[in-house]
Structure formats: C-alpha cells, structure tokens
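Asks: For the sequence shown, the positions run 1 to 93 when this note's numbering is used.
Heads up, a few of these hints could be off.
Once the Cα atoms are required to be at most 27 Å apart in a straight line, the calculated DSS-like pairs of lysine-lysine come out as [claimed, not checked]:
no., residue 1, residue 2
1, LYS23, LYS68
2, LYS3, LYS23
3, LYS23, LYS10
4, LYS10, LYS74
5, LYS3, LYS68
6, LYS10, LYS68
7, LYS74, LYS3
8, LYS74, LYS23
These are calculated hints, taken from the structure and not from any lab test. A quick note: this is a predicted structure, and the numbers were derived from the prediction, not measured.
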Amino acid sequence: MAKSIMQDQKACYITGLTRGLHKHHIYFGNGLRQVSEENGLWVWLVGALHNLSDAGVHFDRALDLRLKRECQRKYEETHSRDEFMELIGRSYL
C-alpha cells in the first residue's frame, strides 16, 4: 500500500475528523482501484462522505469529480499529464 499523495494525516480529507474513517480509492473500476492503491491515489473520508449517505462520494458525482480533479492536479505536480493518462486512461482536467 502506497502512502496517499493527497494527505499526510489519517483524518477525513473533507472534514478533518479522525473517527469512523473509510479509505476511498479515488479512481476505481476496471482495475483502477489497484492502480489507486499502488500509486497513493486515495484519501480518508468519514463514512457519510464515502458510501453511507447520499452525500457520499459514491453517490455524489460533483464530489467524485472534485476528488478526481484534485488528485490529478496533485499527481501532475511530480508527473506529466501523459503519465497520468497512461496510468488512469483519461484526464479529469
């Protein structure tokens, strides 16, 4: 498991809370969950912002896209857009 490129602390990426955390792989489906795991493309979220409510990232397209875009920007601080595209298969920016 690679360390998250998005955060240093084990706290909800959105709220900062430290209890009831779920690990959210930002890119998922078609083998991308494993790619996310191996490359640190994940964040901690409280359950309600993960998959335990309609406000969760798995049900809220706007939050999903926000995290995908923020993660891509962070990845591209140290890698190229082409490297991101090769890894994920598309750009969210």
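Asks: Any hints this thing doesn't respect? Which numbers, in order?
Replies: none
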